[in-house]
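Novice: Listed below are the residues making up each chain.
Number of protein chains: 2
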Amino acid sequence: LLAKQPAKGTKLPIYMGEVGPVWAYPDYQLDCVVADPKKGSKMYGLKSYIEYQVTPTTTNKPVNHRYKHFDWLYERLLDKYGSAIPIPSLPDKQVTGRFEEEFIKMRMERLQGWMSRMCRHPVVSSSEDWKTGKRKAEKDETVGVMVFATIEPEGLQDLDMIEVEQKCEQFSRFTKAMDDGVKDLLTIGNEHWKRCTGPLPKEYQRIGKAFQNLSAVFTTSGYEGEATLTDAMTAAGKTYEEIAQMVAEQPKKDLHFLMETNNEYKGLLGCFPDTIGVHKAAIEKVKEGDKLVAASKITSSEKTGMAKRASTMSYSLQAEMNHFHSNRIYDYNRVMQQYLEEQVKFYEKIAEKLRQAHSQFTTM
Amino acid sequence: LLAKQPAKGTKLPIYMGEVGPVWAYPDYQLDCVVADPKKGSKMYGLKSYIEYQVTPTTTNKPVNHRYKHFDWLYERLLDKYGSAIPIPSLPDKQVTGRFEEEFIKMRMERLQGWMSRMCRHPVVSSSEDWKTGKRKAEKDETVGVMVFATIEPEGLQDLDMIEVEQKCEQFSRFTKAMDDGVKDLLTIGNEHWKRCTGPLPKEYQRIGKAFQNLSAVFTTSGYEGEATLTDAMTAAGKTYEEIAQMVAEQPKKDLHFLMETNNEYKGLLGCFPDTIGVHKAAIEKVKEGDKLVAASKITSSEKTGMAKRASTMSYSLQAEMNHFHSNRIYDYNRVMQQYLEEQVKFYEKIAEKLRQAHSQFTTM
Chain A
1145 LLAKQPAKGT KLPIYMGEVG PVWAYPDYQL DCVVADPKKG SKMYGLKSYI
1195 EYQVTPTTTN KPVNHRYKHF DWLYERLLDK YGSAIPIPSL PDKQVTGRFE
1245 EEFIKMRMER LQGWMSRMCR HPVVSSSEDW KTGKRKAEKD ETVGVMVFAT
1295 IEPEGLQDLD MIEVEQKCEQ FSRFTKAMDD GVKDLLTIGN EHWKRCTGPL
1345 PKEYQRIGKA FQNLSAVFTT SGYEGEATLT DAMTAAGKTY EEIAQMVAEQ
1395 PKKDLHFLME TNNEYKGLLG CFPDTIGVHK AAIEKVKEGD KLVAASKITS
1445 SEKTGMAKRA STMSYSLQAE MNHFHSNRIY DYNRVMQQYL EEQVKFYEKI
1495 AEKLRQAHSQ FTTM
Chain B
1145 LLAKQPAKGT KLPIYMGEVG PVWAYPDYQL DCVVADPKKG SKMYGLKSYI
1195 EYQVTPTTTN KPVNHRYKHF DWLYERLLDK YGSAIPIPSL PDKQVTGRFE
1245 EEFIKMRMER LQGWMSRMCR HPVVSSSEDW KTGKRKAEKD ETVGVMVFAT
1295 IEPEGLQDLD MIEVEQKCEQ FSRFTKAMDD GVKDLLTIGN EHWKRCTGPL
1345 PKEYQRIGKA FQNLSAVFTT SGYEGEATLT DAMTAAGKTY EEIAQMVAEQ
1395 PKKDLHFLME TNNEYKGLLG CFPDTIGVHK AAIEKVKEGD KLVAASKITS
1445 SEKTGMAKRA STMSYSLQAE MNHFHSNRIY DYNRVMQQYL EEQVKFYEKI
1495 AEKLRQAHSQ FTTM
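Each protein sequence line maps, in turn, to chains A and B.
Heads up: take any position in the first sequence, counting from 1, add 1144, and you land on the numbering used here.
Heads up: take any position in the second sequence, counting from 1, add 1144, and you land on the numbering used here.
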């Protein structure tokens, strides 16, 4: 907090927007498409790995990257911005089964989600790390809390400590509460997923089989003219078997995205306690400032500098929270819509199937 | 089998219909409406009972009857027709909880089902027991296998024993197979009922609560302009709670009737082994006939008489099976239609509710 301003490096401006302090957003939104996973090998086939094609929308030139390259980028971003900005972890590193198609698809989807989120961030996306070489980036001294020295609340008054503290408390409460809510939804979603892919379709299948079995018995009656009934009952039975299939496949179409989004947010929210912790520590330091001045441990102007830097940190946190909120509103609006849309389609399709099955019976 | 023809009593004619031997069906279909259960008491309130209002469509005059009156009728019909016609048991006698509303409603429904089935039967419905007093009915000697003596296959040739045996085998196989199928469906239906009224709605409720909780957290963000999202998420959450309610109440609307019908058939099918047993025994007797004639235990004309009576029994069984099949086709066609219709309504209503919930989100 008493560190000197770094000599080099670009400044990260914060403006006053409609919702409060905001980062400066770039005119052009960077994005990267992660696609086309391919198995590569080196050392004459001794080592195998998966390479993903990463295409930035700026250059449109695909570059192949392995998981460890993403990991390198993650570590860099965490070192550089971690104190001010929640940098979510990459999808879990996994050793077994990592060449299985299902797993590769899932990891690619999650790497894509991570990349898009990083690209969407105005500070992270403007980072030099995307362009500069590995060696230069690793020499970068602007790491840890140094990042705050590069942040410049443009034309904004210094905040008083009471306001800084209140904001910090509010964010802390909110992120904690949202973390609980998200984890709760994930738990319930997981259970629902299990039911939808396990016992529920099994039950529909058994209902379907029971109708078909009874219909098969009916055909052995020797009684004339019940083919309409037995055909209709068989069709109804098959319909329930199809419904079983639909039920089992549905979570991939709707619950999946709801779960992935909430998983991403769980990751993001998990970073906030650290970020907020840095702020709380700074606030405490400033509070001790008066005593330190009285004890002549620091000068009065050093104390003023500390308060100014804490104010900058608070602007940074507020800008970050506003970025978080705006993304959250966008993401949840989108994922809830998608979930409900797919759910509507699902129930409509079942109703339609059953309507068809119903129409095969004769009205007596 | 060697019994004398009873002197008195009306004859039960069997004709050759399109589907084979059939009972003579009355021009007017008797039916009884069981309704309006009322608690009665006697011995100055020491004994309580439930009285049902039974109204025959013929007289349209309601008469109050207790369960034990139905039971008396059941016993009479079983004594008189049990060898030829499956007389299904009454709904279980129950001691505890018999004054609870739910139970009374269920018993009334089942007594109604039993009455309607008995009224639908051309032989049973033409029985004098419906009209004659208790004392006279109990003097009736036409009980047990005597009923066959009153059956008259009009203008129909005697069947040969091979055909009689084949028919008997076929009916035995069919009723056994249907019994298995019905029991299977009942088992699955019971499990489905439990799931639909237990864990499944609980899960939808929890999903609904999770959406509402997350929405409530969002409202504490302090971020401007997310009311559209939080309102929509709360509405979506409430929708899932409503769906939970619908899921829990649905079995009463559809599965219930499917289960009741299958329960009725389970009862009916349970009577067939006895009915068929009587026939098998008669067939065996006729087969022994030649030996008995050789041993001069019976006369040749007595043996012819036995064969004739076995033929009559077979006509009776065939008429009964044809009655059973025609009812079965009608009942299953109706109940399957009803089930599917209610299922369609159910899924359509869910889709509609979710469509409404979806429409509250803004497209970004």
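Misleading hints may appear alongside valid ones.
Copies of one chain are not kept apart here, so a pair can be met inside one copy or by any two copies together.
To be verified - In the DSSO-like style, the derived pairs of lysine-lysine whose C-alpha atoms are separated by at most 27 Å in a straight line are:
| id | residue 1 | residue 2 |
| --- | --- | --- |
| 1 | K1183 | K1320 |
| 2 | K1182 | K1205 |
| 3 | K1410 | K1249 |
| 4 | K1447 | K1410 |
| 5 | K1191 | K1338 |
| 6 | K1382 | K1410 |
| 7 | K1191 | K1410 |
| 8 | K1346 | K1493 |
| 9 | K1435 | K1447 |
| 10 | K1155 | K1249 |
| 11 | K1353 | K1338 |
| 12 | K1237 | K1191 |
| 13 | K1205 | K1249 |
Just so you know, the hints here were simulated from the structure itself, not pulled from any lab data.
If you're wondering where the values come from, they're calculated on a predicted model, not measured in any experiment.
Novice: The structure should be examined with respect to each hint, and the outcome stated for every one.
Specialist: Status of the hints after comparison with the structure:
Taking identical chains as interchangeable, the C-alpha atoms of K1183 and K1320 are never at most 27 Å apart, the minima being 40 Å within one chain and 59 Å between chains. For the identical chains of this complex, K1182 and K1205 are intra-copy neighbours only, at 17 Å inside a copy versus 84 Å across copies, given an alpha-carbon limit of 27 Å. Taking identical chains as interchangeable, the C-alpha atoms of K1410 and K1249 lie at most 27 Å apart only when both belong to the same chain, with a minimum of 21 Å there against 51 Å between chains. In this assembly of identical chains, K1447 and K1410 lie within 27 Å of each other by CA distance neither inside one copy nor across copies; the values are 37 Å within and 89 Å between.
In this homomeric assembly, K1191 and K1338 never come within 27 Å of each other (Cα to Cα): the closest approach is 36 Å inside a single copy and 53 Å across copies. Proximity of K1382 to K1410 under the C-alpha cut-off of 27 Å is restricted to the inter-copy arrangement: shortest distance 24 Å between copies versus 41 Å within a copy. In this homomeric assembly, K1191 and K1410 never come within 27 Å of each other (Cα to Cα): the closest approach is 33 Å inside a single copy and 65 Å across copies. With identical chains, the CA atoms of K1346 and K1493 are at most 27 Å apart both within one copy (19 Å) and between copies (24 Å).
Taking the closest pair of Cα atoms, K1435 and K1447 come within 27 Å of each other only inside a single copy of the chain (10 Å); across copies the shortest separation is 125 Å, beyond that limit. With identical chains, the CA atoms of K1155 and K1249 are never at most 27 Å apart, being 38 Å at best within one copy and 78 Å at best between copies. In this homomeric assembly, K1353 and K1338 come within 27 Å of each other (Cα to Cα) both inside a single copy, at 22 Å, and across copies, at 19 Å. Taking the closest pair of Cα atoms, K1237 and K1191 come within 27 Å of each other only inside a single copy of the chain (17 Å); across copies the shortest separation is 75 Å, beyond that limit.
Taking the shortest Cα distances, K1205 and K1249 sit within 27 Å of each other inside one copy (22 Å), while across copies they are farther apart (74 Å).
In this structure, the hints that do not hold are numbers 1, 4, 5, 7 and 10, in rising order.
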